[in-house]
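Asker: Residue numbers (the working numbering), protein chains in the order written: chain L, -7 to 212; chain H, -7 to 212; chain U, -7 to 212; chain S, -7 to 212.
Just so you know, these hints were derived from the structure itself, not from any lab. Quick caveat: nothing in here was measured; it's all calculated off a predicted structure. A virtual CB, placed ideally from N, CA and C, is assigned to each residue, including glycine. You may find that some hints are simply not true.
Cut-off 30 Å, straight-line C-alpha distance, at most; resulting in silico cross-link-like pairs (DSS-like, lysine-lysine) [stated by the list, open to error]: (1) U/K149 <-> S/K51; (2) U/K149 <-> L/K51; (3) S/K51 <-> L/K28; (4) L/K28 <-> L/K180; (5) S/K180 <-> S/K28; (6) S/K51 <-> S/K149; (7) U/K149 <-> H/K28.
Over 12 Å on every C-beta distance to chain H, these chain U residues come out as not near it, computed from the model [stated by the list, open to error]: (8) V15; (9) D31; (10) L41; (11) V104; (12) I112; (13) D143; (14) L163; (15) V184.
If you want the ones that stay clear, here's a sample from chain U, every Cβ over 10 Å from chain S, calculated [claimed, not checked]: (16) V67; (17) C93; (18) Q111; (19) H137; (20) R140; (21) S145; (22) K180.
There are 4 protein chains.
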Amino acid sequence: MAKTNSVVGVPGNERINALNDGVFAIVITLLVLEIKVPDIPPDLVATELPHALREVAPKVLSHIISFLVLGIYWVGQHNMFMHIKRHNRVLLWLDILFLLCMASMPFPTGLVVQYGQEQISVVIYAGTLIITGLTLDAIWWYASHDHRLVDESMDPKLIAFVHRRVLLAPLIYLLAIGVSFISLLVAKLLFVVVALLYILPNPLDHYHHSKLHEQVTVWD
Amino acid sequence: MAKTNSVVGVPGNERINALNDGVFAIVITLLVLEIKVPDIPPDLVATELPHALREVAPKVLSHIISFLVLGIYWVGQHNMFMHIKRHNRVLLWLDILFLLCMASMPFPTGLVVQYGQEQISVVIYAGTLIITGLTLDAIWWYASHDHRLVDESMDPKLIAFVHRRVLLAPLIYLLAIGVSFISLLVAKLLFVVVALLYILPNPLDHYHHSKLHEQVTVWD
Amino acid sequence: MAKTNSVVGVPGNERINALNDGVFAIVITLLVLEIKVPDIPPDLVATELPHALREVAPKVLSHIISFLVLGIYWVGQHNMFMHIKRHNRVLLWLDILFLLCMASMPFPTGLVVQYGQEQISVVIYAGTLIITGLTLDAIWWYASHDHRLVDESMDPKLIAFVHRRVLLAPLIYLLAIGVSFISLLVAKLLFVVVALLYILPNPLDHYHHSKLHEQVTVWD
Amino acid sequence: MAKTNSVVGVPGNERINALNDGVFAIVITLLVLEIKVPDIPPDLVATELPHALREVAPKVLSHIISFLVLGIYWVGQHNMFMHIKRHNRVLLWLDILFLLCMASMPFPTGLVVQYGQEQISVVIYAGTLIITGLTLDAIWWYASHDHRLVDESMDPKLIAFVHRRVLLAPLIYLLAIGVSFISLLVAKLLFVVVALLYILPNPLDHYHHSKLHEQVTVWD
């Protein structure tokens, strides 16, 4: 391990992980806590409450979507850092940029839910997620390139597989920006497709798993 | 352990636990921080302050209840994860859903405290807690079924005991929804019963403890 | 260690500590973040900004006091848990009550800073801190009594020393409530005395240290 | 290690680190979450949304700057605590003061972005960062002086190097306060210079690295 000298290997990545988990925990919690109990004058409660609850519904939807998208990135970063064994200043800063993206995601999501009929909302949403995806891939590129912060023995095929899996989302979001000039509905359907692709176990993964199975820790 | 291959066993569950603790810490803290010092013009402080403090009281009550109910789930999840030794993508997602439930609990609690005279509040509250309980049980089912993520040696009786203990709450909440069509007061009393059942040490636990005592880590 | 059977000793107290640190981190951060940049119309900035900043000052003071008082309890709980080696359901619940007290402290502190001329504010402040102190002492009593959750070898003198140190604050706060009927100023001075007693290294500590020095981990 | 007796060495610095990470995670997250989706009446969305988004832009800039400045301090504190092996009550309190500075940073940053044309904003900003830097240096001074909380074997040159690196920022901020009496623009450019100095890898670091390389864990 010729590179160990320029890498701070002790005490490992606990603190980066703690930071990521902290930011994720705060973002998802505050998202949901923002949904407030409506204030209704006592004499109108019986008639107004069901109506007020129905008005809260779209906000709830927006928050659940943010929640799931953030979940996808947390799981992705979680899995990535199972392979990254060491860190240095550059990785810390790439990770801080990634957290900046994570923390800002509620804003574009809110735009799409509230003003989804405007193309600018769809473009800002897709743009934010493209930047987030590219930052996550930059972390992987920096860590795995030349086996800088991963094990020397890591299979190049696994390294490439992670790149493909991470970059799939930004690619589809780029496509969605193009499509948004023709149909906003199709663009928004593409957002749902991305989410399903990452949450559901998919056959592509299983194909790769079976090929990489014998030689490396399984990327589940 | 035939299943180890498809399970990411390293670095263990530290990060899931950190995430759960983070979300719990944030939810309980923000609950209480929301209680603000009332703003009173200087010349009215002497006469208005006691009155203003009395108005804060029901909010305080609502927050203490949320706090205790969240505490019950944190303790439950904490104890459950003492037995879950490994994790994979499915467990991560089940846990993220559980956190979504935890984070949304202040909303239905607030509904019951502010609009407890409306059946819809009671139904939403019980419904949220049923979903939360079922999600927690799904985590246990997924982890313990076929000893997927728990030790091979775990006693099936302990597995069943945890299921019963976790599912007791959703059952009573379901009963409370039925009862709410007849009496809202009785339904709300059932909520208190559930809380006491989980906070107080209870004889059922001790019976099971004594039977399981010799062979497994004690489920306290 | 005859008690190990009824105690969950693995994986130790990491998660309780994580929860405490999380709550403390959130409370102190939100306290300070609440201080907002004043909004001033562009043409009035030059004349109004210094004035607006001076108005923020008392809020800043209130927050620094909360910050330090919370710091005292965090350091206290931190030191206490260096001696507590195991936990069980009762300890979890006592700790959750302690966190409830920690999280509510900004409210009484705000009362004293904004409405310090009213006795009720001083009584609520002292009362909250008495309950917090008693809860912290209850944790220690439960853990150390009969060496339930501490090492068998722990010196009874150290156990008693911790009790005295923890209970000193509630005692002075009780005194402050009595004094508040005569002089609010003296009562508030007692609050400052308590803070200094716990932040500054004090000779009483050193006396005890030197006596306990050879046989136990030093309580610093 | 003659000093070990007066130092609590177990369980190490995990909890201080957890607290720092928690506060940092919360501050950076809340900064970004504060940027809210604008509320626009349905019939005006098409015309008003682009305008409303442009108005959000300066706030976004302010938050990204806070984010990066906080990132600098987190990385700095992170690296410093790789060398600090033990802690005691004094270190806990110095660290709590450092966290107080970290948590208050959004306020002066907001002042500079909103009221950057007023000297008082620039002075408060630079003043806060001078205090933050001095607090961080006080941590290092206390820990490394006489090798109190660092390894006996630590090279005095490394100790001095860390001091120089940490104190560089307060020095430039002091210069910026002086310059602010002549030109606010130059003062604000100095703020940018400091940020770049700490984020970019710089030749001075490399020079020191190469000299310290053989004998100590590399300060990356």
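Asker: Look at each hint and say if it fits the structure.
Answerer: The hints, checked one at a time:
1. A C-alpha spacing of about 57 Å is found between U/K149 and S/K51, which places the hinted pair above 30 Å, so the restraint is violated.
2. A hinted pair counts as satisfied when its Cα atoms are at most 30 Å apart, and U/K149 with L/K51 does not qualify at roughly 58 Å.
3. Of the pairs offered as hints, the one joining S/K51 and L/K28 holds, with about 25 Å between alpha carbons and a cut-off of 30 Å not exceeded.
4. Our distance criterion of 30 Å between C-alpha atoms is met by L/K28 and L/K180, whose separation comes to about 27 Å.
5. Of the supplied pair hints, the one linking S/K180 and S/K28 holds, its CA atoms being roughly 27 Å apart against a limit of 30 Å.
6. A C-alpha spacing of about 42 Å is found between S/K51 and S/K149, which places the hinted pair above 30 Å, so the restraint is violated.
7. For the given pair, U/K149 sits about 42 Å from H/K28 by alpha-carbon distance, which is inconsistent with the 30 Å threshold.
8. Interface exclusion of U/V15 from chain H breaks down, the closest Cβ pair being 5 Å apart, not more than 12 Å.
9. Annotated as non-interface, U/D31 keeps its C-beta farther than 12 Å from every C-beta of chain H; the closest such distance is 17 Å.
10. With a least CB separation of 22 Å from chain H, U/L41 remains clear of the 12 Å interface cut-off, as annotated.
11. With a minimum CB-CB distance of about 10 Å to chain H, U/V104 fails to clear the 12 Å threshold, and the non-interface call is violated.
12. With a minimum CB-CB distance of about 6 Å to chain H, U/I112 fails to clear the 12 Å threshold, and the non-interface call is violated.
13. The Cβ of U/D143 lies farther than 12 Å from every Cβ of chain H, with a closest approach of about 20 Å, so its non-interface assignment holds.
14. Here U/L163 stays apart from chain H, with its beta-carbon at least about 26 Å from theirs, past the 12 Å limit.
15. Residue placement check: U/V184 keeps its beta carbon more than 12 Å from all beta carbons of chain H (closest about 20 Å).
16. Non-interface status of U/V67 relative to chain S is broken: a Cβ of that chain comes within 10 Å, the nearest being about 5 Å off.
17. Chain S leaves U/C93 outside its interface by the beta-carbon criterion, the shortest separation being 18 Å against a cut-off of 10 Å.
18. Taking the minimum C-beta to C-beta distance to chain S, about 30 Å, the non-interface status of U/Q111 holds against the 10 Å cut.
19. With a minimum CB-CB distance of about 23 Å to chain S, U/H137 clears the 10 Å threshold, and the non-interface call stands.
20. Every beta carbon of chain S lies more than 10 Å from that of U/R140, the smallest distance being close to 20 Å; the non-interface claim holds.
21. Once the 10 Å rule is applied to beta carbons, U/S145 is consistent with being away from chain S; the minimum gap is 15 Å.
22. Separation of U/K180 from chain S is adequate, the least Cβ-Cβ distance of about 22 Å exceeding the 10 Å criterion.
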